[in-house]
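Respectively, the protein sequence lines represent chains Y and F. Be aware that the first sequence starts at 1, since it is given in this note's numbering, and climbs by one per residue. Be aware that the second sequence starts at 1, since it is given in this note's numbering, and climbs by one per residue.
Treat the hints as calculated values from the structure; they're not laboratory data. It is possible that part of the hints are untrue.
As the list claims (entries may be wrong) - Over 12 Å on every C-beta distance to chain F, these chain Y residues come out as not near it, computed from the model:
1. 69
2. 84
3. 164
4. 193
Unchecked claim - If the Cβ cut is set under 7 Å, some of the chain F residues that face chain Y in the computed set are:
5. 32
6. 36
7. 44
8. 47
9. 50
10. 51
11. 59
Said to hold, decoys possible - Non-contacting residues of chain F with respect to chain Y, defined by C-beta distances greater than 10 Å in every case (computed):
12. 16
13. 25
14. 26
15. 27
16. 28
17. 29
C-beta atoms are modelled at their ideal positions from N, C-alpha and C, and glycine is treated no differently.
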Amino acid sequence: MADGRSDPEDQVAVEHAATEDTASAPIGPLVERTYPLLVRIAAFRGARSADIRSALADAVRAAAAAAPQDAERVLFRSLIRSTHAVERAAHDETRGGDDVPVVPARQLERDGTRWEGWFKREPPVFSLLERGRAAAEAREAADGALARLPLAQRIVVVLRDIAGWAADDVARLDAKLQPDVQRALLHRGRATVRRALERVAAAKAPTGV
Amino acid sequence: MSEYEISCRALTELTTDYLEGAMSDRVRTTFEQHAVLCDPCSVHLDQIRATVRILARLALPDRAAAAALLAEVDTARG
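Just chain Y, with the same shape it has in the complex (with noise of 0.2 Å):
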């Protein structure tokens, strides 16, 4: 992930952003488009508001000094960078939990067939967090467990979940998350999500499926 140190793509378009003229960089579109990504990928659970702002800011002073074609990637870039070292100094990053909730010394008998691993109790179905007031719940659910996710899996999760980028637009943000790397972050991180959304679930249908 990202290190602090500077990036040599990022150089290159800090030197051509130094012969142009910076003030015209539509910068303004994007950030109004990108804000909410932006503000998820800086907050975590914990950090203080002054920290997130000044990740924030520093993105777009960064941005608005990148070629215009640049400019996502850069801002992108340059607040994971920040959220990272923010993030570090907080606290250790912490390891997404274990998404299993079997009992792996039973066995289930169905049809002939035993599945090594049986769910301790049926999981709740999750159609009813779509719909009316269980959906407001389901979502504030899902932005809580996207604040704790470690910093990698919340970038995976926001860019690809939220923002809905290809996984070859995400991995040139950074090289270390290539497709396969990115996969099992995006498990970790939808399995967090998930696991919070099972909760409003549960007390929404205790009885499960």
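We have chain Y; now place chain F onto it with these hints.
Showing chain F alone in chain Y's frame:
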């Protein structure tokens, strides 16, 4: 027992690979066979799909806050 049987634990670990289309045909077939036969795993897979849909609805426009941030940066730049 199927030659390519996977456990519930393995299936839950493979859901993202499945949804991302990052599986061999053989593993995908095994995965789908298990998901069809196993109700909890089928629900689990639906939960992950619903999680992705709910996440996709989180990004709401916040133009006022974005404008405030831009104004703050502009002020700092002079």
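Hints, verified against the model:
1. 69: Per Cβ check, residue 69(Y) is outside 12 Å of chain F; nearest 20 Å; holds.
2. 84: holds, 20 Å
3. 164: violated, 7 Å
4. 193: Per Cβ check, residue 193(Y) is inside 12 Å of chain F; nearest 5 Å; violated.
5. 32: violated, 14 Å
6. 36: Violated. Min distance 10 Å.
7. 44: holds, 6 Å
8. 47: holds, 5 Å
9. 50: Interface hint status for residue 50(F): holds (4 Å vs cutoff 7 Å).
10. 51: Residue 51(F) check passes; min Cβ-Cβ to chain Y is 5 Å, inside 7 Å.
11. 59: holds, 5 Å
12. 16: Contrary to the label, residue 16(F) does not stay out of reach of chain Y, its closest Cβ about 4 Å off (not over 10 Å).
13. 25: holds, 18 Å
14. 26: About 18 Å separates residue 26(F) from the closest Cβ of chain Y, which puts it past 10 Å; holds.
15. 27: Consistent with the label, residue 27(F) stays out of reach of chain Y, its closest Cβ about 14 Å off (over 10 Å).
16. 28: Holds, since 15 Å exceeds 10 Å.
17. 29: holds, 15 Å
Consistency with the previously given hints fails for numbers 3, 4, 5, 6, 12, ordered from lowest to highest.
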